[in-house]
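J.: Given next are the chains, with one letter for each unit.
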Amino acid sequence: MNFKLKDIVPQLITVLAVIFIFGFFTYNAQINMENRGIDFGYGFLSQESSFDVQFSLIEYDGSHSYFRAYLVGLLNTILVSVIGIIIATILGVIVGVARLSPNYLINKFAAFYVEFFRNIPLLLQIFFWYFAALRALPLPQNAEAIFGVFFLTIKGLYVPAFIWQNLSIFLYSIIAAVLAIVIIRIHAKKVQENQGKQIPVFYISLGLLFILPLLSFFIGGVSLSFEVPVLKQLATTSFIYEGGVSLPPELIALTLSLSLYTATFIAECVRAGIQGVSKGQKEAAASIGLTPNQVLKLVIMPQALRIIIPPTTNQYLNLTKNSSLAAAIAYPDLVLVFAGTALMQTGKAIEIVSITMFTYLTLSISISILMNWYNKRIAIQEK
Amino acid sequence: MFKYLKQLTSLVAMVAVLFTFTTESMAAKKSKTLKNTQKKGFVRCGVSQGLPGFSNADAAGNWTGIDVDVCRAVAAAVLGDANKVKFTPLSAKERFTALTSGEIDILSRNTTWTLSRDADIGLTFVGVNFYDGQGFMVRKSSGITSTSQFKDGISACTNIGTTTELNMRDFFNSKGIKYEPVAFEKADEVVAAYDAGRCDTYTTDKSGLAAQRTKMSNPDEHIVLPETVSKEPLGPVVRQGDSVWEDIVRWSLNTMIEAEEYGITSSNADMMKTSDNPAIKRLVGAEGELGAAFGLDNDWSLRIIKQVGNYGESYKRNIADTGILPDRGPNELWTKGGILYVPPAR
Chain A
205 MNFKLKDIVP QLITVLAVIF IFGFFTYNAQ INMENRGIDF GYGFLSQESS
255 FDVQFSLIEY DGSHSYFRAY LVGLLNTILV SVIGIIIATI LGVIVGVARL
305 SPNYLINKFA AFYVEFFRNI PLLLQIFFWY FAALRALPLP QNAEAIFGVF
355 FLTIKGLYVP AFIWQNLSIF LYSIIAAVLA IVIIRIHAKK VQENQGKQIP
405 VFYISLGLLF ILPLLSFFIG GVSLSFEVPV LKQLATTSFI YEGGVSLPPE
455 LIALTLSLSL YTATFIAECV RAGIQGVSKG QKEAAASIGL TPNQVLKLVI
505 MPQALRIIIP PTTNQYLNLT KNSSLAAAIA YPDLVLVFAG TALMQTGKAI
555 EIVSITMFTY LTLSISISIL MNWYNKRIAI QEK
Chain B
7 MFKYLKQLTS LVAMVAVLFT FTTESMAAKK SKTLKNTQKK GFVRCGVSQG
57 LPGFSNADAA GNWTGIDVDV CRAVAAAVLG DANKVKFTPL SAKERFTALT
107 SGEIDILSRN TTWTLSRDAD IGLTFVGVNF YDGQGFMVRK SSGITSTSQF
157 KDGISACTNI GTTTELNMRD FFNSKGIKYE PVAFEKADEV VAAYDAGRCD
207 TYTTDKSGLA AQRTKMSNPD EHIVLPETVS KEPLGPVVRQ GDSVWEDIVR
257 WSLNTMIEAE EYGITSSNAD MMKTSDNPAI KRLVGAEGEL GAAFGLDNDW
307 SLRIIKQVGN YGESYKRNIA DTGILPDRGP NELWTKGGIL YVPPAR
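Those protein sequences? They're chains A and B, same order as listed.
Residue numbering for the first sequence follows my numbering, starting at 205 and increasing by one per position.
Residue numbering for the second sequence follows my numbering, starting at 7 and increasing by one per position.
Simulated from the structure, these hints should not be mistaken for laboratory data.
Just so you know, even glycine gets a beta-carbon here, dropped at the ideal spot from N, CA and C.
Check the hints yourself; a few may be wrong.
Result set (SDA-like, lysine to any residue): computed pairs, CA atoms no more than 25 Å apart in a straight line [said to hold, decoys possible]:
1) B:Lys287 <-> B:Ala326
2) B:Lys157 <-> A:Ser267
3) B:Lys99 <-> A:Arg510
4) B:Lys322 <-> B:Lys184
5) A:Lys501 <-> A:Val432
6) B:Lys184 <-> A:Val432
7) A:Lys436 <-> A:Leu451
8) A:Lys436 <-> B:Arg175
9) B:Lys184 <-> A:Lys501
10) B:Lys312 <-> B:Ser272
11) A:Lys436 <-> B:Lys41
12) A:Lys580 <-> A:Leu451
13) B:Lys181 <-> A:Lys210
14) B:Lys157 <-> A:Ser260
15) B:Lys184 <-> A:Ile403
16) B:Lys41 <-> B:Asp305
17) B:Lys90 <-> B:Lys221
18) B:Lys184 <-> A:Ala233
19) B:Lys46 <-> B:Asn304
20) B:Lys99 <-> A:Ala233
21) B:Lys38 <-> A:Ser250
22) A:Lys210 <-> A:Val222
23) B:Lys99 <-> A:Gly484
24) A:Lys580 <-> A:Arg510
25) B:Lys237 <-> B:Val250
26) B:Lys342 <-> B:Asp305
27) B:Lys312 <-> B:Ala351
28) B:Lys184 <-> A:Ser260
29) B:Lys221 <-> B:Ala66
30) B:Lys184 <-> A:Leu412
31) B:Lys221 <-> A:Gln251
32) A:Lys580 <-> A:Leu529
33) B:Lys99 <-> A:Leu327
34) B:Lys99 <-> A:Phe443
35) B:Lys146 <-> B:Gly329
36) B:Lys90 <-> B:Ala66
37) A:Lys436 <-> B:Asn42
Some residues of chain B that are not near chain A, with every Cβ distance over 12 Å (derived) [said to hold, decoys possible]:
38) Lys45
39) Thr103
40) Gly128
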């Protein structure tokens with residue numbers, strides 16, 4: 205052990221400074237709260253919340269606890285983040301590839317999209333999609349049916365609800381299909397390694413994923429019917445759709461603006477990744493007789509992904525955190541429900557803000573861990 | 007270390023108290039807020055982000071409204087000039103934190119006085135400057151003329167962080183109506199969404215409905231339903247723990263109301279000094295030593311009346327003449343059939 209004083213002292217000072225600063229703020233807050241007769245504590249979480257929330261994934265109304273309200277907000281945040289990440293990724297990959305297209309029109313259109321959407325502040329885009337686009341939508345009574353069953357109105361998107369018979373059997377059939385696909389893939393890999401023969405795994409997988417669930421309808425007694433939304437009159441000029449599922453316009457506007465905004469950054473990551481693979485790789489792959497598809501799948505993409513994943517992780521984190529702008533347009537996310545209404549009704553500012561901060565921290569770290577794991581999996585395996 | 011620091015500061019404070027005992031009046035010493043306000047030279051007042059009649063800024067940044075006038079009255083009493091106020095616009099969500107954290111010293115922002123707010127979160131309500139109740143606004147074309155015509159599935163736009171959000175639930179639950187609450191952070195966004203047709207009804211305090219109606223693209227297309235579903239006594243709020251400051255704000259408001267009761271206006275206040283009525287003479291500082299209790303001079307109430315006017319003048323200027331609520335309803339003096347009744351200033 206050869207600790208040197210000059211190594212330890214700066215670290216010690218830093219640690220002490222951090223402790224002192226935190227201690228000071230805690231002490232200060234305690235004194236101030238005591239002076240104003242404010243109690244500190246998390247007991248309020250089990251009290252009745254007595255406010256309703258517009259949109260919830262779990263059963264909730266004002267007779268539930270504040271903790272339940274917290275869960276409602278958290279799930280709504282996760283919902284909009286997950287949908288946003290999926291759409292942004294798909295759109296980002298398409299636009300990123302399109303920017304490299306030799307086709308002038310596609311190329312320029314993609315470039316325009318990226319420059320346009322990433323250079324306008326997100327909050328403004330949310331307001332645009334909510335207030336400007338919302339006003340342009342028809343009232344429920346004037347809405348034209350899309351494919352006869354969807355209704356896009358100013359009060360939301362109404363879609364048919366699925367009514368399942370023996371849903372569990374259907375789900376089992378999907379699980380069975382997935383298991384079968386995994387087994388076939390392992391087998392195909394062995395066959396290729398031993399005999400050099402290739403089995404068309406993709407088509408077999410697709411077939412399985414289609415046929416097994418289909419069989420469950422014929423043999424397993426699974427049946428599916430739809431409940432189509434029906435117009436209902438509330439007053440002379442006031443209508444809604446009943447039955448089916450309604451997606452509030454707040455959710456749609458938020459998902460749309462978050463995805464369109466984040467997709468531009470992901471597109472740039474994808475473009476950078478593909479361009480980062482040296483041209484020689486592609487030419488070499490072509491020269492050993494791989495088809496263009498194989499070149500992309502086996503040579504370019506595995507290398508490009510290594511460049512794409514780390515910056516894309518950042519974009520996923522950004523999207524999740526940006527979802528807190530939901531408060532501006534009444535989408536009941538964590539910030540609006542918990543750090544908004546619940547904070548106001550209880551007055552527990554420090555407690556609620558600390559819980560909210562910790563929750564976002566946990567969400568972000570979870571995404572990071574997941575993406576780092578994926579990144580490690582696709583990284584070069586040093587031997 | 008903190009322990010000693012605390013003892014040291016209390017020792018210093020005690021010495022300071024003994025030392026200044028003879029030089030300063032009791033009140034100013036007891037009230038940290040009053041002392042800070044006098045040192046800064048302006049009253050720090052939290053108001054709404056724009057509610058016509060209550061607190062609203064014009065294009066030049068001049069604030070007007072009956073909530074604004076409460077802060078101006080305090081400034082006139084404490085600093086001698088009703089214009090020495092710094093207004094901080096706050097959303098419903100931010101308002102209490104701004105007050106308890108010391109960013110503002112008076113919250114005069116159409117805030118409902120409730121038990122939990124008064125007792126629980128470090129606030130003290132000092133009085134009521136507007137008696138209100140929650141109501142509903144609908145489009146005229148909907149044909150709805152009463153809340154009894156509301157049906158399952160109705161969507162209601164409102165603000166988060168308000169008593170409205172809670173009353174709304176109580177109301178719809180008691181009627182057994184399923185409803186969709188759409189709650190925004192800012193009032194302007196609530197109005198925009200309702201105006202666009204997102205919601206069938208817009209609910210908040212009736213005064214707020216009347217005021218926001220003037221902001222709609224076509225005010226005549228909307229009506230406020232006659233039913234009042236809650237009690238909303240709105241009034242100024244101060245931080246808990248400074249009773250002298252609390253008294254100053256309470257009696258500044260009371261002075262305005264009592265001045266109206268005795269017919270003292272901004273234009274006749276000086277002449278009233280020679281009145282035969284001792285109650286009037288006390289209000290304009292010609293008799294008694296009422297200001298001394300707060301550590302203020304004796305003209306504090308005269309300044310309020312001269313610079314801001316009495317409650318009736320404030321109401322007329324801000325709410326009646328602007329066409330928001332020409333009828334004073336419950337906000338009329340108790341002597342004229344309303345419920346405005348304040349303890350006597352003596």
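J.: Assess, step by step, whether the Cα of Lys221 (chain B) is no farther than 25 Å from the Cα of Gln251 (chain A), and give holds or violated.
T.: The hint is violated at about 38 Å.
J.: Is Lys157 (chain B) close enough to Ser267 (chain A), meaning Cα to Cα at most 25 Å?
T.: holds, 22 Å
J.: Verify this label for me: Thr103 (chain B) is non-interface relative to chain A, using a Cβ-Cβ cutoff of 12 Å.
T.: violated, 5 Å
J.: Given the hinted pair Lys436 (chain A) and Arg175 (chain B), is their Cα-Cα distance within 25 Å?
T.: holds, 23 Å
J.: Within 25 Å, alpha carbon to alpha carbon, are Lys46 (chain B) and Asn304 (chain B)?
T.: holds, 22 Å
J.: Given the proposed pairing of Lys181 (chain B) with Lys210 (chain A), does the C-alpha separation stay at or below 25 Å?
T.: violated, 74 Å
J.: Please verify whether Lys41 (chain B) and Asp305 (chain B) have alpha carbons no more than 25 Å apart.
T.: holds, 18 Å
J.: Could you grab the alpha-carbon distance between Lys580 (chain A) and Arg510 (chain A) and see if it respects the 25 Å cut-off?
T.: Holds, at about 9 Å.
J.: Are the Cα atoms of Lys436 (chain A) and Lys41 (chain B) separated by 25 Å or less?
T.: violated, 62 Å
J.: Within a Cα-Cα threshold of 25 Å, do Lys312 (chain B) and Ala351 (chain B) meet the stated pairing?
T.: holds, 17 Å
J.: Holds or violated: Lys184 (chain B) and Ile403 (chain A), Cα atoms, limit 25 Å.
T.: Between Lys184 (chain B) and Ile403 (chain A) the Cα gap is close to 57 Å, so the pair fails against 25 Å, i.e. violated.
J.: For the pair we were handed, Lys287 (chain B) and Ala326 (chain B), check the Cα-Cα distance against 25 Å.
T.: violated, 29 Å
Of the hints listed earlier, those the structure fails to meet are numbers 1, 3, 4, 5, 9, 11, 12, 13, 15, 17, 18, 21, 23, 25, 26, 30, 31, 32, 34, 37, 39, 40, in rising order.
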